[in-house]
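All chains, full assembly: derive it from the sequences and hints.
Chains as they are written, first to last, in the UniProt record's numbering: chain A, 1 to 389; chain B, 1 to 389.
Treat the hints as calculated values from the structure; they're not laboratory data. Mixed in with the good hints, there may be bad ones.
[Said to hold, decoys possible] Sample of chain A residues at the chain B side, in silico, Cβ under 8 Å:
(1) L29
(2) S340
(3) L370
[Claimed, not checked] Now the stretches of chain A that chain B is said to cover, found in silico as 3 or more residues with beta-carbon under 8 Å:
(4) 302-311
(5) 347-357
Heads up, the beta-carbon is just placed ideally off N, CA and C, and yes, glycines get one too.
There are 2 protein chains.
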Amino acid sequence: MPIFAGRFNTRMTATTSSIGILGGGQLGLMLLQAAIDWNLRIHIIDPDAEAPCRHLATSFRQGSLTDYDTVYQFGQSVDVLTIEIEKVNVDALEALEREGKKVYPQPAVIRTIQDKGLQKQFFRNHNLPTADFILTDNREDVARYTEFLPAFHKLGRDGYDGRGVQRIASADDVGKAFDAPGVLEKAVDFAKELAVIVGRNEQGELMTFPTVEMVFHPEHNLVEYLFAPAEINEAIDRQAQDIARRTAEAFGIVGLLAVEMFLTKDGEVLVNEVAPRPHNSGHHTIRANVTSQYEQHWRAILNLPLGDTTAYQPAAMVNLLGAPGHTGPARYEGFEQILSMPGVFPFLYGKAVTKPFRKMGHVTVMDTDLERLRQKVAEVKQRVRVVSN
Amino acid sequence: MPIFAGRFNTRMTATTSSIGILGGGQLGLMLLQAAIDWNLRIHIIDPDAEAPCRHLATSFRQGSLTDYDTVYQFGQSVDVLTIEIEKVNVDALEALEREGKKVYPQPAVIRTIQDKGLQKQFFRNHNLPTADFILTDNREDVARYTEFLPAFHKLGRDGYDGRGVQRIASADDVGKAFDAPGVLEKAVDFAKELAVIVGRNEQGELMTFPTVEMVFHPEHNLVEYLFAPAEINEAIDRQAQDIARRTAEAFGIVGLLAVEMFLTKDGEVLVNEVAPRPHNSGHHTIRANVTSQYEQHWRAILNLPLGDTTAYQPAAMVNLLGAPGHTGPARYEGFEQILSMPGVFPFLYGKAVTKPFRKMGHVTVMDTDLERLRQKVAEVKQRVRVVSN
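What follows is the structure in structure tokens.
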């Protein structure tokens, strides 16, 4: 007896339907928040007993996401399985998929994306424009390609939130390269970094969110803030949207695909990397768009019609990163002051402990006027600090 | 160590802050959803072990809201106490308040509003325009006032969701009057029913939401659907906003006050009744307004700056009531179909069992064009049915 009539998974019933998420961090938290509207029952597993989702899921259990048995057993206990982080045991997901469990995004997509080398090779194989690269096995290997420098050396697996990327400007920097399988990627002289989030359901229905522009922290390779829509001309926007769509189609993904791109100074758009899940570049959609990326994720993996991605107003997103020099219980300076600013929406992740540059929350800023939007962003960045004392 | 700097309750810390809600129904659910943004820890008590909030609160316990000891003990376990239903033990709340606990809305406000007689008397005492009325002790008493008919007889206490109101057209109907303390209220020849939700914090800062227009179900005295903003002229709107503001000031409420009003055919605005909490007439604000009524509730009771109540677009709200003739596990016919309509947002309350006319969910509908908005509302009403089979 389906709770929803129609093509929706008929095993989903009012009393027995259950969805599992591998990972209970901030992306899981925002997925949970969106799931409340449709009374979806969400079960979460995360290695951290103090993960942001711990109090809000139908059930929460502590467990490794990379251990075969743990992931396999968790997957068996739910009807539909999804992720909020790609560092998970894909072998277990494949076993579950073979047994007929709905696992979205598909394990094969996660496997490719987990490895930056496979990911780049995938772009090349599918004629998706991307910066030139060489797959490397170790540091010694990198030393062989000095004519390819300046380049970035990216760790093949397990890079995360700015870790796992090194700029190798010249032969002198080769010592900074990772002594593990990786990708040596031609440094792109880019004007902007863009991102487009794509949703795609089982039927192959596909929708993109408006193109956004990300500004990275100069040292920490983390999104510092973001503007939506990106300030680019129509032709560039069409290119970015088209590449994002083609990338999602190439993967055949069911779920969300966040496509990060470079806009080069020559006006070329290149795929940088992708994530098969909700993404930092889409937090603002909760407030600024008709459908948020989180709701779109549920629509996509439950094979429901995708939602309208139109924005109500221009928006920006400021990541709240732990202040340098502060490690310990978190406190949010300036929280109340920014609450009195119109069109300013803080979101705190509930992480007990702050660390330098840890993602502790974000602030969405909206305004119909772009100049005022920029002023508000500057004010938010100046006022809020995540500290410990 | 306050989690938020400023005037915010300094006992609220990252690890120890806790907020309690008396009641875990759909209003509690939407309060929980809004609380996720600020990582508020919410504890809930409800007499129903299967209440909609059971899986989503930091803690959920089953217990009576009208039992002194239960409410008192629950209140002692939290830092700030609020309600999502006014049928609670006010003696316990007053004891907690005397001991210095933050209880918002204030127990005195709840006490007045719990009793429709006291409520009407309050309006009269504060020169708030309201339909003429007589306080009655019992049915016999009603029979004495036949010259006052046609009128509505309202049960003084414990009326809820359309129960506790009887139309007494003439002396022949007196048998329908309640044989308990109540209010005999002059039937108002109204053109429309309006509502304004007011937020007010400890500082006395006050903000109103735009005036909405409610259409009641002809038989069941339940909001069937709602349009925001109300189609009224500016002078009437000013009157409604002004009366709502004065009513909230008269109560000195900290929290939300939903003020339901009649617009008479003569263009007069009269207060009908009020609720000291989030209200059915504000569900659409989750999607349609910069700040939702639920976020505004948190801002008000935590003494934070109130949020901008501006609407992004005209909106409507359709209550999803259990279909007549269906009692049992709920199923939502037409859910998927309406998800494919742009600007249509269903919200399901997660009640396991549907009953005729039970509030099972609602659908927010938005459109920049009022005619299209009406068409979408008609389509939603025609397509969705909450059934059991």
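Here's how the hints hold up against the structure:
no., hint, result
1, L29, "holds (7 Å)"
2, S340, "holds (4 Å)"
3, L370, "violated (18 Å)"
4, 302-311, "holds (count 4)"
5, 347-357, "holds (count 5)"
Of the hints listed earlier, the one the structure fails to meet is number 3.
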